[in-house]
Each structure stands twice: as structure tokens, then as C-alpha cells.
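Novice: Going down the list, the protein sequences come from chains L and A. Reminder that position 31 of the first sequence reads as 31 in UniProt numbering, one-by-one numbering, no gaps. Reminder that position 349 of the second sequence reads as 349 in UniProt numbering, one-by-one numbering, no gaps.
Keep in mind that the hints were calculated from the coordinates and are not lab data. Owing to the predicted nature of the structure, the values given are computational and were not obtained by experimental measurement. A few of these clues could be false.
Since the list gives no way to pick one copy over another, a pair counts as held whenever it fits inside one copy or between any two copies.
[Said to hold, decoys possible] In silico DSSO-like pairs for lysine-lysine, Cα to Cα no more than 30 Å straight-line:
#1 151 - 140
#2 178 - 151
#3 222 - 237
#4 437 - 178
#5 140 - 178
#6 255 - 178
#7 222 - 255
#8 151 - 437
#9 140 - 365
#10 237 - 255
#11 222 - 365
#12 365 - 255
#13 151 - 237
#14 365 - 151
#15 437 - 140
#16 237 - 140
There are 2 protein chains.
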Amino acid sequence: MKLRWPRELPKVRLCFLLGTMACAAQASEPTHFPDAQASDPATLGWMVGSPPPADRILRFEDGSYFRFPQMRWSVANFRQLMPTVNVSRGLAGPSMLERTSSGEIDALTFVPLGGDEPMTWQQSLLANYTDGIVILHRGKLVYERYFGVLKPEGQHAAMSITKTFTGTLAALLVSEGKLDPERMVADYVPELAVSAFGNASVRQLMDMTTGIHFSEDYADPKAEVWAHAAAGNPLPKPADYQGPRTYYEFLQTVKPQGRHGEAFHYRTANSDALGWVIARVSGRNVAQLLSERIWSRLGAEQDAYMSVDSIGTPFAGGGLNAGLRDLARFGEMMRNEGRYNGTQILPPEVVTDIRNGASREDFAKAGYRLLPGWSYRNMWWVTHNEHGAFMARGVHGQALYIDPLAEMVIARFASHPVAGNAANDPTSLPAFEAVAKHLLEQRQ
Amino acid sequence: MKLRWPRELPKVRLCFLLGTMACAAQASEPTHFPDAQASDPATLGWMVGSPPPADRILRFEDGSYFRFPQMRWSVANFRQLMPTVNVSRGLAGPSMLERTSSGEIDALTFVPLGGDEPMTWQQSLLANYTDGIVILHRGKLVYERYFGVLKPEGQHAAMSITKTFTGTLAALLVSEGKLDPERMVADYVPELAVSAFGNASVRQLMDMTTGIHFSEDYADPKAEVWAHAAAGNPLPKPADYQGPRTYYEFLQTVKPQGRHGEAFHYRTANSDALGWVIARVSGRNVAQLLSERIWSRLGAEQDAYMSVDSIGTPFAGGGLNAGLRDLARFGEMMRNEGRYNGTQILPPEVVTDIRNGASREDFAKAGYRLLPGWSYRNMWWVTHNEHGAFMARGVHGQALYIDPLAEMVIARFASHPVAGNAANDPTSLPAFEAVAKHLLEQRQ
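This is chain L alone, in the form it adopts within the complex (with noise of 0.2 Å):
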């Protein structure tokens, strides 16, 4: 089996979204990496051994812990690393998921992107590095591996799909009426008028189409993308640190580049000042709400986390960590109409609302070459398929994937060498169609 889809993709420098200096040690990686048996965690042993051998062991203030194979063990073991806030499931028993059987998916095929030759999905499970993966289909468990680390009683990095909650619960505030999307940020955070997020509406943050000026350009040492780094990281600033030292601070320097709503730009500040909103408008952190109005209504069968900087704040940009079948569980209540457990948890129209998406123009112009049609709402992404798919997504391959009329949903983490999704989109999207399009016929 012959692959055309590149090996050697640019590497998109997501890594700050962990909020860490990590991506300075990332800079010098190769592009080269072991696949995903000869970099499996479990094999190599990181942190095992009391104590464990001193190249096993893993720091979060050197970078070692986020280099690559090493941060295949990290990724499910964060609250090991930094200080981190639980977000309580409550103290009830977990909502059951019934097994049952679909057919023989580890068979199916699927010719991935830009590719010509066919891949079966126990193929793709490997090339997309996966940590865990669950299928749902009509709520039940159909499927459900582990790699490395990972196990059901575990917690998995969900790195962006932070974001998708952190949206949701905004929309779930507005659909209450405590929050106008139309009104500016700084009517509701006043220390953001000073920043590009001051004359933006909450709409635009929730749908991320604000004019931030946020360079991810690791080359250059004033780029933006290292101050957040460094303001999120929860570690003692240095004595000669001048920079902003939490998440707030950071959200403040913000300087505007371009228009507000005039077209999707994916950054994860806009996620953090969204987080910021929402605390001022519900009186909690978005550990806690999501606790309140999320976790602890799904049966989630585990406690979620969220990473947090000097001062508490959880990382509403990045920073959840989750067990792999509450995050289905999650994808289920979605593909509900916010109904789950017994219980309406979001109203019907607030799942309409992501489902039916945004402006598509707006998302073309930022250029995503494997994501053609797509938008991006309440920071949920938006497939715009026949099926009506909807996404939440993470660097390095964390996917939530939503099929409505394929009545399905899957949960991924993993670890992939390269954080940017392109890098595994290939493997991934027409994997997950493949599987959807094998379950309508099974329904047949």
C-alpha cells in the first residue's frame, strides 16, 4: 500500500495551546518520526520504575515531556505535570452505554485524502497515532480500542475540543438570555476595552471571526504566541519576567490586526476571552459551569480536568482533559437535541444553531485546503456534508465526530507527531464517512 498524502507535513505550531514553553524543544524536532508502534508510550516506558530511569523520566519546566514519542505518555497523565482544577461528574452512578455489535469495522476501506489507494480503519487507527477510540451508533457502543497509555479509567489531553465546551457553554448563556452575543466584550469584561477584543461582539469571539493580531510565528521571540505561552504557564515567572503572568494580563495586550467579522481566523485567545466573558456573566469558571451544566448531567463515569495558570483560571482555549467515552457521551447528547441521561442539558435550538453552522465564505477565506465548504460555529466545526457531520477538534488528532443521519458518533484521542490536523485529516475524515455510510447499511 502506496500513500501519495505527504509524510512530511509543515508543522502547524499548535503547542502553545497546552500554555507551556514546550514548543521551544519542539523547535528542534525532526520531521521524521517512529510510527505509532515503535513510539508507543507503554512500550517505552516513560515514568515507570520507582524510580524510573533517568531517560524515562519526563519534566514539564525543561520541555521534555511534550517532545515527540515522549509526549504520547503526557498527553494522558497532564494532572502529573502541572496544577490542574477538577470538573466534578457529580456523585450519581454513570449513565449506562449499552454494548452491541455493528459488523466488522476493523475491515472497512477508505481511499484517504489525496491518496489513491485504499487503507482499512484498523490501518488508520496506527497512522493517525490513536491513543483511544469509541463509536457510538444510536447511542450504543459499537466499538472502542486503546492504545499506549491510555484506558477507559483515564483521561485524555482534549486540547482544542476545550474550545467546543467553552463555545457551547456560551451558547447555552445566551439561549437563556444571560448573554447578547451582540453586545461588545468590553460591556461585559471592561478590562478588555484596551484590547482588540474590546469593540468585538461575543458573537464574533464565539464564532472566531474577530481582527487579532496573534503570530504564531515560532522564529520570532516577540510573536504572541509565546507571551500567552508564558502567561498561562503555571510554574514561578522568572525574576526578570516582564511579560503578562496570567491568561487575563495576556488577553489585555491583545492588538487588533484587520476587521472583526469579516472572516474566520482560527485563535485561541478568542477562546480564552470567551472563557473570561463567560466567568463575568455566570459568577464561575468554565471548570466549574461546565461541571454544573455539562459534566455533571451527562453520567459522565469520570471526574474531567482542566490545566489552569498561576492564578486558577483554567485554560478555556485548551486545557480539558477527559475520559474517551464521557467525551461520547458529550457527542451523544449533541446528536440528541441537547437530550441525554433523562435530562435536557442544552435546548434543542442551541444544537440546531451549531448544526446549521456559519458563514461558509468566511471560513473559505482562512484557507483550510482539506476542509472545503466547512464553517465554524460556537467553535464547533461544521462539515456542511450530506450527512449533516458536525466536529470538535484538537492538535496532534483529538477529534469529536458528529454524523446525524448516519445516527453516529465518534470520539478520538491521540498523539500524532504533528500537531495540526492536516496531518491526520487524510486518515481521518473519510475514515469516519466510511464508517458512517457502513452503519447506514447496516441499518438497511
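Based on the hints, put chain A in the right spot on chain L.
Specialist: Then chain A, alone, in the frame of chain L:
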């Protein structure tokens, strides 16, 4: 109501249990403290707001988190301040804790140790700076209260109750023949041959009758307590730092003092050394083993967690944080000879051995004026009273009190300003006995 027991007790500086430098900050604290209501962390609003006011922000690195009254927030939020490792409850539903009434407990009266005027149970809750307390009678929940920032769905520092879990796990391994209590510590952990622990028996570790030099003189910058704290601190070490860098490195530096096996000496380092032995024997660290062998079998309603050092070693001497009801479930399992949630979690002989206690003469040499006739076995405190009560105890008022005759378990989390339990025993131990007496009378 006048009490004769002193409000100004010598401060037993056991805060090193946290493995931090917090005691430096504490050293200049007053010896008069605001009372429970004036120090209520919910009222004081620590870490509330977006951002919190500057004078309400608590940090790990500067020790502010462990000053009083700030620590009343911190003990319910350690994971926001430092890296931690999960102790999974597994994924099944929690075991039921049925509720029932057992008469009016709040109005029960008792005479504090060293006092001559009665106090009510309800008054004792404030006197002890209680954060949460649960009473089980015959396994049913007959009393439950929370104060400050602790909630049922929250986890509180168990402090040295951690030791009791470590000791119980060791006893379990002994019962399975995996650990021989008569063998030398160095037989299991050769690295400890150079230390005072090397030629101690595992039994001496488990009962804390080792002869080790472990000064807790905070005025002495060379005291072992500082080295222990610095070694366990998960933050990056200062550039000029020369000392041990992990719990394991610290343990190898512990020097002998006196002979092993002659007297009870309460020294946290014994628990850490036992944790190392356990890790070697089981191939699991204490957090993993605790999850596998106890926590996931209790039907706990929440995961617990442990603080870790810079290489992920769980702090076996004091790092556990757990839900209050789950601590009570553990106590109920002990009351039921190791059986709980439909499972024999510990062999009955392990529990019997603990209840029988150890040498009361060895214990008496330690000079605990308020604990006459007690002993210490497998890191449990055994009262040898007429009810056969035994306890797990942690600084600042953490308590798990099991009274077999009264068929009663009391689990309490607290944030008393004085670390040493001599400060709260006068209003705790007779209060527990008063409830036991009440429940025995109810039965008749």
C-alpha cells in the same frame, strides 16, 4: 463555657508533610488564630473572581497557600496548586450509602479533655475547624455536615491518613506472602542500604519503630525536615540547589539515631520508605496500588488523588486527597473485617492484626500525653479502649475513627490552625466517644 485546655499550644510543625517550603511562611505566624467562622474560606473568598482580587490569590511557590486562614481553602484544592496523580475509583457506579436517623447528635454533650465544662457536639465542629464530617452507624449515614469550601463532591487533603493507606497496602502484601515483614528494608530496596532504613525490618517501618535521625527543628536550616520538603517539592529546583531532588533521593540520606525496634517514633520518612518498598514489591506506585486494591473496590463515589514529587513519586507519607464519604467507606470496610461493597477487600486477619495493635510500651515512649495506652500498628493508631476503637490521623484535624463496639465510623476533614492533633484531640476524642455512647444507647 470555660475550657482549661490551652488555646496556645506549641505549634507542632508537621507542615513538611506537604512536601513543600510552606513552613517557612508559617514560621512567622501568630499563635492566636481567628475562629472557625472568622476564618471561613467561603466567606473570605479565596481564589474567587475573574481574576480574584490580588489579596485573595493563593500561590504554592511563595507559601501563601498554607498560611492561616488561607490554608482552609488550600486543603480542599491542593490539585490547583501542584501536580497530582489520580487514584481511580474505576468506572462502575458508587456503592450506596443509605441514610437513616439516629436521634439528635448535635445536642450531645461531652467534657473536653483537660476541661471541666461540657461542650455540645455542634460546638465541637467549630472548635475543631471542621471542614466536613460524616458518621456511619451500622454502615448507614446518620450525620453529615460540610463547612467552608468543602462539598460532598470535593476532595480534601487527608494529610497523614495517607500513611494509613500506605501501611494497609503493605499489610495486604504481607498477607499475600509478597512482602516479608521480618526481612530487611535493603533486601527490597538495595538503594536504602546506605541509609538508616537499610537494616530496619519492614515490620519496623510499618510500625514506625525505626531509629532514624529526622529533626523537625524548623529553626535549624540543616534539619532533615527541610531536606525532605525540598526533595519532594515538585517545582523546578533553584540553580544553586545541592540537596536530594526526589523522595527517593532524600530517603537514601537518612541517618540512624538510636536502635531500631525499641520505641515508636512518628516520622513521616518511614511511610515514604514503605511506599518505596511497596512500589518495588508490587511493580506499582502507591497511587496505582491504592486504586487497584482498595479504591476501585470500595465503590468510591469519587476518584482520589495524591501529590507527587518532580519525578511522579506519590507522596506516601501525606499526599492523599479524597472525598469525605469515600474515606468513611474505607472505614466501614475496616469495621466489617475487610468486607465492603459485596467484596472481601482485605483479608479479615489483616484487619484483626491492625485492631490488635502493637506494643503499648513502645508507644508510650513517644510521650503522647493525650493518647495514654495507645499503640501504632501498620500506620493505624489503636486506642485499646473498651470499644476497641482505632484511628487514622492527619495533621490539622484529619480523622477516621472506627468504633467496632458502637458499630460506628466517623470521618472528618478539618483545617485547624495548629498542625499537631494535640490541639484538637481534647474536643475530638471525647466527642467521638459521646456519639459512640449515644449510638449504643439507641440500639438498646
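Novice: What are the numbers of the hints that this structure violates, sorted from low to high?
Specialist: Numbers 4, 5, 9, 13, 14, 16, in rising order.
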